[in-house]
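Asks: Each chain, letter by letter, is given below.
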Amino acid sequence: MIDSTVRDTRLLVGMETSDDAGVYLLDDNTALVQTIDVITPVVDDPTDFGFIAAINALSDIYAMGGTPLTALSLLAFDPCDLPHEAAQEIMAGALEALSLNNCTLIGGHTLEDPEIKFGFAITGTAGADSVVTNSSASTGDMIYLTKPLGTGIISTALKGEAAKESLIDESTGWMKTSNRDGSTAMLQSGVTSATDVTGFGLLGHLFEMCRGSDLGAVLDLNSVPVMEGIDELVGMGLIPEGAYNNRKYLEGVVDRGEISDDSLLPLFDPQTSGGLLVAIPPEKADLLEFTFGEADVFFTRIGLFTEAPVVIKIVSSF
Amino acid sequence: MKIIDCRGLACPGPVIQVKKKMEAKPPGSIFAIEVDSEASRENVRRFAKSRGAAVSVEEIKGDAFRLTVTTDNVHSTQKEQLSPVVFVTSDVLGSGDDKLGGILMEGFVNTLSDQDTVPDKIIFMNTGVRLAVEGSPVLDTLTVLSDRGCEIMSCGTCLEYFSLKDKLAVGIVSNMYDIQRSLMNAAKVIRP
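In order, the protein sequence lines correspond to chains W and E. Position 282 of the first sequence, counted from 1, bears residue number 282 in our numbering, the numbering being contiguous throughout. Position 138 of the second sequence, counted from 1, bears residue number 138 in our numbering, the numbering being contiguous throughout.
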């Protein structure tokens, strides 16, 4: 009889740290990295949606410093609602994204559901010694982000038919951007810890890093990249429920001083296919910026990790 | 006061409803919207305020909220259009040929949903009530208009007269007093 309370010693990263993927040692050199991510439509175009769903799922492998290998798809839809052609377009978009990231689709599952859902379970590998977890930052490490925020708010505005075409295009472009190059750069530069920004918003995922590493953080609001035009949408109340849920969950963790609700909401905005959130020792920050630059990866330094307690302080610089 | 029920509507549904209502109403109007989540409450409040309206919030039973929105008297939104009341007193439009009249009235009501301005109310009286009951050829349109904030009212006496009261498929059963008050307070009445 197997004793399920005894932890498998080959499990390097399990569920306890809410990390991006599970990591399991295969042998002395290689670890298996596995993740699953399923989303509902965030854009109108089926091909884009499929592409984004794949990029979104792959991101978790990259956030661990892994390389994706194979994918299994999950598609849920109502055949009376979604025409066959649209389902094919979703799949085509996904296949293109997977192919660009050298990941092979080896199977999948489809089921009926009144609401469209699409995503992937991705399997990849990482060097046994180079897995990057979300709980290994140190005091003084600088925090970098590789994509601007706002995809949740823009998706909501899109549903409300209130988003400008140009903003939708910008958001779609970011969601379709793979974190592969960012991951390579972070591995080359010796980051201490990393995650990607998705459903819990920037502050939620930063909190996971703080909690896992037992550290606090200071963020400079002026440095946090937010897509232009978001302010107007926030003012119009086109904010997804997830943002409010994230804010409520982080009550007591975020110290915002005099900063207004409206200014802070984008930092709680749940992202789809967000950027990498990376911790780097200050002496290696220049190298990281250089490697990001060489790989054409967008980056902004947004703050740094501080000693415990696990509190995220938001300040506003000039 | 018109109360729009947005309980159970996911974001940004309630904001869309308020947006449409505010665009259709003249400045200085009051209406209320009911939502059942804090997120919707905050979103609706933000939107209404961004449009210069005054908002008050009260908690109502069922863990829900009612926001009362008073649109700004001075500030006007892009469209200066005043939202009309459409007063439908027959299921035929015009006189001389009822078959043609029926087709025309059906077309008239269906075309209302293509206009930029959503009518404030549509009132059905006499044989007009037939357009609001099961089997009516304009039910889909009336439902769409209702979702956009148009109030659909059917005369109760007329429904009873035609034994159609239990067949009402959209809107509410109204009475002479409310119908008359609606007509008297209307900025504009259209009677096809």
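Hint data in this document are derived by calculation from the structure and do not stem from the laboratory. Please note that the accuracy of each hint is not assured.
What the hints assert, rightly or not - Straight-line distance between alpha carbons at most 30 Å, and here's what the computed DSS-like set of lysine-lysine pairs gives:
1. K61/E - K159/W
2. K164/W - K99/E
3. K117/W - K176/W
4. K159/W - K2/E
5. K165/E - K2/E
6. K117/W - K313/W
7. K49/E - K165/E
8. K49/E - K167/E
9. K188/E - K49/E
10. K20/E - K2/E
11. K159/W - K176/W
12. K167/E - K20/E
13. K248/W - K165/E
14. K61/E - K99/E
15. K176/W - K164/W
16. K61/E - K49/E
17. K284/W - K248/W
18. K20/E - K159/W
19. K20/E - K99/E
20. K49/E - K159/W
21. K248/W - K61/E
22. K20/E - K61/E
23. K2/E - K61/E
24. K167/E - K164/W
What the hints assert, rightly or not - With beta-carbon atoms standing in for the labels, derived distance ranges:
25. G28/E - K313/W: 40 to 46 Å
26. A169/E - L69/W: 31 to 37 Å
27. T111/E - P83/W: 25 to 31 Å
28. T111/E - E85/W: 48 to 54 Å
29. A10/E - G14/W: 49 to 55 Å
For glycine and all other residues, C-beta sits at the position ideal for the given N, C-alpha and C.
Asks: Are the hints correct? Go through all of them and say.
Replies: To see whether the hints hold, each was checked on the structure:
1. Proposed proximity of K61/E and K159/W is supported: the alpha carbons are some 29 Å apart, at most 30 Å.
2. Our distance criterion of 30 Å between C-alpha atoms is broken by K164/W and K99/E, whose separation comes to about 46 Å.
3. Distance restraint check for K117/W and K176/W: the Cα-Cα separation of roughly 17 Å lies within the 30 Å cut-off, and the hinted pair is therefore satisfied.
4. This hinted pair checks out: K159/W and K2/E have alpha carbons roughly 25 Å apart, not beyond 30 Å.
5. For the suggested pair K165/E and K2/E, the alpha carbons sit about 22 Å apart, so the restraint of at most 30 Å is met.
6. Distance restraint check for K117/W and K313/W: the Cα-Cα separation of roughly 36 Å exceeds the 30 Å cut-off, and the hinted pair is therefore not satisfied.
7. Restraint check for K49/E and K165/E: not satisfied, since their Cα atoms lie roughly 40 Å apart, outside the 30 Å limit.
8. This hinted pair does not check out: K49/E and K167/E have alpha carbons roughly 40 Å apart, beyond 30 Å.
9. This hinted pair checks out: K188/E and K49/E have alpha carbons roughly 27 Å apart, not beyond 30 Å.
10. Using a Cα cut-off of 30 Å, the hinted pair K20/E and K2/E holds, with the two alpha carbons roughly 14 Å apart.
11. About 19 Å separates the Cα atoms of K159/W and K176/W, which keeps this hinted pair within 30 Å; it holds.
12. For the hint pairing K167/E with K20/E, the CA-to-CA distance comes to about 29 Å; that is within 30 Å, so the pair holds.
13. Taken as a hint, the K248/W and K165/E pair is broken in the structure, with Cα atoms around 47 Å apart against an allowance of 30 Å.
14. Pair hint K61/E plus K99/E does not hold up; C-alpha atoms about 49 Å apart against a cutoff of 30 Å.
15. Among the hinted pairs, K176/W with K164/W is consistent with the structure: their alpha-carbon atoms are about 18 Å apart, no more than 30 Å.
16. A hinted pair counts as satisfied when its Cα atoms are at most 30 Å apart, and K61/E with K49/E qualifies at roughly 25 Å.
17. Our distance criterion of 30 Å between C-alpha atoms is broken by K284/W and K248/W, whose separation comes to about 35 Å.
18. Of the pairs offered as hints, the one joining K20/E and K159/W holds, with about 14 Å between alpha carbons and a cut-off of 30 Å not exceeded.
19. Restraint check for K20/E and K99/E: not satisfied, since their Cα atoms lie roughly 35 Å apart, outside the 30 Å limit.
20. Distance check on the hinted pair: K49/E and K159/W sit about 21 Å apart at the alpha-carbon level, within 30 Å; holds.
21. Restraint check for K248/W and K61/E: the C-alpha separation of about 22 Å stays at or below 30 Å, so the hint holds.
22. Of the pairs offered as hints, the one joining K20/E and K61/E holds, with about 26 Å between alpha carbons and a cut-off of 30 Å not exceeded.
23. About 18 Å separates the Cα atoms of K2/E and K61/E, which keeps this hinted pair within 30 Å; it holds.
24. The straight-line distance between the Cα atoms of K167/E and K164/W is roughly 43 Å, outside the 30 Å bound, and the hint therefore fails.
25. A beta carbon spacing of about 45 Å between G28/E and K313/W agrees with the range 40 to 46 Å that was offered as a hint.
26. Between A169/E and L69/W the beta carbons are some 56 Å apart, a value that contradicts the proposed interval 31 to 37 Å.
27. Here the CB-CB span from T111/E to P83/W is close to 28 Å, well matched to the stated 25 to 31 Å.
28. For the pair T111/E and E85/W, the beta carbons lie near 31 Å from each other, so the given range of 48 to 54 Å is not met.
29. Remark: the range hint 49 to 55 Å for A10/E to G14/W is contradicted by a beta-carbon distance near 33 Å.
Checked against the numbered hints above, the structure violates hints 2, 6, 7, 8, 13, 14, 17, 19, 24, 26, 28 and 29; every other hint is satisfied.
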